Amino acid sequence: MADLSAGTGVPVPTIKYYLREGLLPPGRPLGRNQAEYGPAHVKRLRLVRALADHAGLSISAIRDLVGHLDDPGVARTELLGVAQGTVTARDDARAGEHVRQAERLVADLLARRGWAGTAGHQAARTLAGVLVSLLELGLDDILGALDDYADAAETAAGVDLRVLGDVTDRERAVEVVVIGTLLGDTLLAAMRRLAQAHLSVETYRATG
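When the letters of the sequence shown are read in order and numbered with the numbering used here, they come out as residues 4 to 211.
Keep in mind the hints are simulated off the structure, nothing from the lab.
As the structure is a prediction and not an experimental result, all values here were calculated from the model.
Note that CB positions come from ideal geometry on N, CA and C, so glycine has one too.
One or more hints might be untrue.
Each computed EDC-like pair below joins lysine to aspartate or glutamate, with the alpha-carbon atoms no more than 16 Å apart [said to hold, decoys possible]:
#1 Lys19 <-> Asp6
#2 Lys19 <-> Glu39
#3 Lys46 <-> Asp73
#4 Lys46 <-> Glu100
What follows is a set of in silico ranges between Cβ atoms, one per label pair, in the way DEER data are often shown [what the hints assert, rightly or not]:
#5 Ala43 <-> Gly76: 17 to 23 Å
#6 Thr158 <-> His124: 39 to 45 Å
#7 Glu205 <-> Val15: 18 to 24 Å
#8 Ala192 <-> Asp144: 17 to 23 Å
#9 Asp151 <-> Asp6: 48 to 54 Å
#10 Tyr207 <-> Ala43: 50 to 56 Å
#11 Asp74 <-> Leu202: 41 to 47 Å
Go ahead and model the full structure; you've got the sequences and the hints to work with.
Here is the structure:
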């Protein structure tokens, strides 16, 4: 365990905590108080740290996620969808006069984009919740640009799948979730802020 700690930079007490919580599989016993940890443990430990430190997931959510990863009852072809469901925010549309309008806007968007098969995805409900807020604030300009945002989202998703490659491997599928869904969101948000700062300067310079 000391070697595992030295190789990953994760303190021994934290590794022991992850073992107790089921986030890290036990090592191969070598004796009464010794166990051997291999490259798979290093990879899993780094994954757990990324989920906790950069993706902001709770220990409970990480336990659910790695539980799916280690569950042979979850088919490889289903693992990516199951993992995405585990980490997608549960922000449903709240009750109010704009809920039905928001749900209709989402349904129309999914139909136009050919994304109708995702209607039951938690992210569709989260999107409806965001649209309710936009409707309440009267931000019709953003509502009118939904397809532009969808174009950008589809481009980003295409890049995710291209650079991340094969997702039939169980460990790789969860890496796709971490990079494409969680860290990827943070990455895109940071780059969007940079682009906004750049374009606003360019716009004001051109009109000033």
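Report the numbers of all earlier hints that the structure fails to satisfy, in ascending order. 4, 6, 7
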